Amino acid sequence: MTGRESDNDLAEQLARRSAEVEVLRRIALDINATLDLDPIYDVVLRTMDECFGFRHSIILLLEDSNTLRVVASHGYQDQALGGTVEVGIGVIGMVAKRRRLMRVNHLRAQQAYFDRIRSQMQEAGRANELGEVMAVPGLADADSQIAIPLMIKEKLIGVFSVESREPEPFSQHDETLVTIVASQAASAIQNALLYRAGEERRLELAEAHERLKELNETLEERVRTRTRELELVNRDLRETQAQLVRSSTMASLGTLAAGIAHELNTPMGAIHSNADVERRAVGLIRGIVRDPSVASKLGPQPRLERTLKILDEINQITLEAAERVTKIVQSLRSFARLDQPELEWVDLHEGIESTLTLMEHLVKDRVQVVKNFGDLPKVKCFASQINQVFANLLTNAVQAIDGAGTMTITTNQEEAGVVIRVADTGSGIRPEHLERIFDPGFTTKGVGVGTGLGLSITYRIIENHQGSIGVASEPGRGTTFSLRLPITSTR
Amino acid sequence: MTNDTKLPNEIRVVMDNGIPAVVVTCSADGSPNATIISHVHYVDESHIALSFQFFNKTIRNVRENPHACVSLNDLRTNTQWILDVQYDHSEAEGPIFDEMDMRIEAIASASGMAGIFKLRAADVYRVKSFKSLNKAAFNR
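Each protein sequence line maps, in turn, to chains E and W.
Counted the way the numbering used here counts, the first sequence spans residues 1 to 491.
Counted the way the numbering used here counts, the second sequence spans residues 1001 to 1140.
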């Protein structure tokens, strides 16, 4: 080489290096001028091809501690986008694992050596020692490759790789070029990622703020709705609890009534029998005394006659009292209906009568009971529950009457059901209380007098029978409860 | 052509060309052994390194008799390079080990043989002499 040729050569090299420096400067300016990832990828990969002749290049970002994902590529038919590489697998994976640049030439020949060993092991029956051949994104027939970790301080964010089908196209100088570009790209990509993360966070915060605002706006309504729901649940709970308590009480009362009835029946039989013997004995004495043969000997016996008359009267009172006790016992049994816990055809008049019998001590001479009973068919229902309804309504009516008054019970058939009305001439219910009288716990009777559960239970029993209950009241004039029951309840 | 110690720069390309090299060793009792290895690593102009992956006859031999001979082929120029080397020491860590280990593991991992090709040490040899033979000329 002459001195002139040497000078020309040096001048060419200098010009090439100057051009490369200019390209590197332009890349640095371009990729730092944007915070969008796609333009950064595009500048890096396109420039590597157009200015340095690296036809096939790829950028992968670390997705998690063990996986790299292809986010940009250039020069590949399928672009390899979205493909993944496991850290530690292949050239790219190894660069990520060791965080060191790797330049491999004659890659195919080296792979061929490994493939040959693999085949030999398979032929030798040692296939079980072999792992899976891993496909990595990139050229299937690459013969050389430079891969470089994208690092920010000590932290790996991805890998930049260039490939070629030529066996040794990459020189030490190429390695330097790729290192400079990768370093610039890493900073720009990291900035863009941080910006994007910041934007996403800002959007999330804005959305959260909007949601919060919306929640605040609807909070009051939600609280109201929830309160209503809770009130309903609470009401159901109290009703269920009341029903349980009342059912339990009724069951105890029924058992008690059955016991009392059984225990009273025997002595009542004796009383009845003795009174009858006594009545016949008095008749016999009176017959003997009045016999002419005896009367002529005894003469008039006015004291004996008076005594026999008194005995007759006492005997009559005893018999009437015994019949009344028997009737009360039958009413108790009828009211509780313990022996018939299933749906049955029931004569409602019978239930009303039984209830009235048990309430006689409340009614006495103070309240006049008027019965306007119509022609009612039997109704299919739970008798003990319906009797409980009658007891509640009739007791309320009697208790509403302060002093003397009238309770009128009217029954009749309407369409496919029956109607029972219980009207009293009592104090009536104030309008503001009317809406709440079926609420569990609501009472106007004062502490220790009423539990506030009677009408609530009544309401639930009628509802379970697919019936309805209504109330009309005028303060100072009285109240009327109207009960409607279908003849056949399906429940 | 022979040279006592300094390897020429062009031999780096030959070492890097992916063509398996042949290593010939000799036991203490004089029994020779030839084996193929995937890669000869250029350390500096007077040293090379061979991978120690399996405890085979080559390794046993050089521990007994440190002299060995390495044959490299350059298919582009049809040249064979023969290096007379002497086992110097082994490195199980450090830059030479790391570079050889990384290259082996990168390719082995993708080939499903990461567990088989595991570098135990980089055996460093001093180059005593070398010669290159042009096969075309030799064959004429």
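Heads up, some of the hints might be wrong.
Quick look at which bits of chain E chain W covers, simulated, 3 or more residues with Cβ under 8 Å [as the list claims (entries may be wrong)]: (1) 83-91; (2) 99-107; (3) 409-417.
Partial list, computed: chain W residues near chain E (C-beta under 10 Å) [as the list claims (entries may be wrong)]: (4) Val1013; (5) Ile1019; (6) Met1102.
Straight-line C-alpha distance at most 30 Å; calculated DSBU-like pairs for lysine-lysine [claimed, not checked]: (7) E:Lys297 / E:Lys309; (8) W:Lys1057 / W:Lys1006; (9) E:Lys155 / W:Lys1006; (10) E:Lys97 / W:Lys1006; (11) E:Lys327 / E:Lys378; (12) E:Lys380 / E:Lys327.
Because the hints were derived from the structure by calculation, they are not lab data.
Predicted, not measured: the structure shown is a model, and the values here were computed from it.
Glycine included, every Cβ here is placed at the ideal spot set by N, Cα and C.
Each hint, compared with the structure:
1. 83-91: As far as the segment 83-91 of chain E goes, the hint holds, because 4 residues have Cβ atoms under 8 Å from chain W.
2. 99-107: Answer holds; 6 residues pass the 8 Å Cβ test.
3. 409-417: violated (count 0)
4. Val1013: 7 Å, holds
5. Ile1019: 6 Å, holds
6. Met1102: 5 Å, holds
7. E:Lys297 / E:Lys309: 22 Å, holds
8. W:Lys1057 / W:Lys1006: Since the Cα atoms of W:Lys1057 and W:Lys1006 sit roughly 28 Å apart, the hinted pair holds (cutoff 30 Å).
9. E:Lys155 / W:Lys1006: 40 Å, violated
10. E:Lys97 / W:Lys1006: Violated: E:Lys97 and W:Lys1006 sit about 35 Å apart, past 30 Å.
11. E:Lys327 / E:Lys378: 22 Å, holds
12. E:Lys380 / E:Lys327: Roughly 25 Å separates the two Cα atoms, so the pair holds.
In the structure shown, a violation is registered for the earlier hints numbered 3, 9 and 10, in ascending order.
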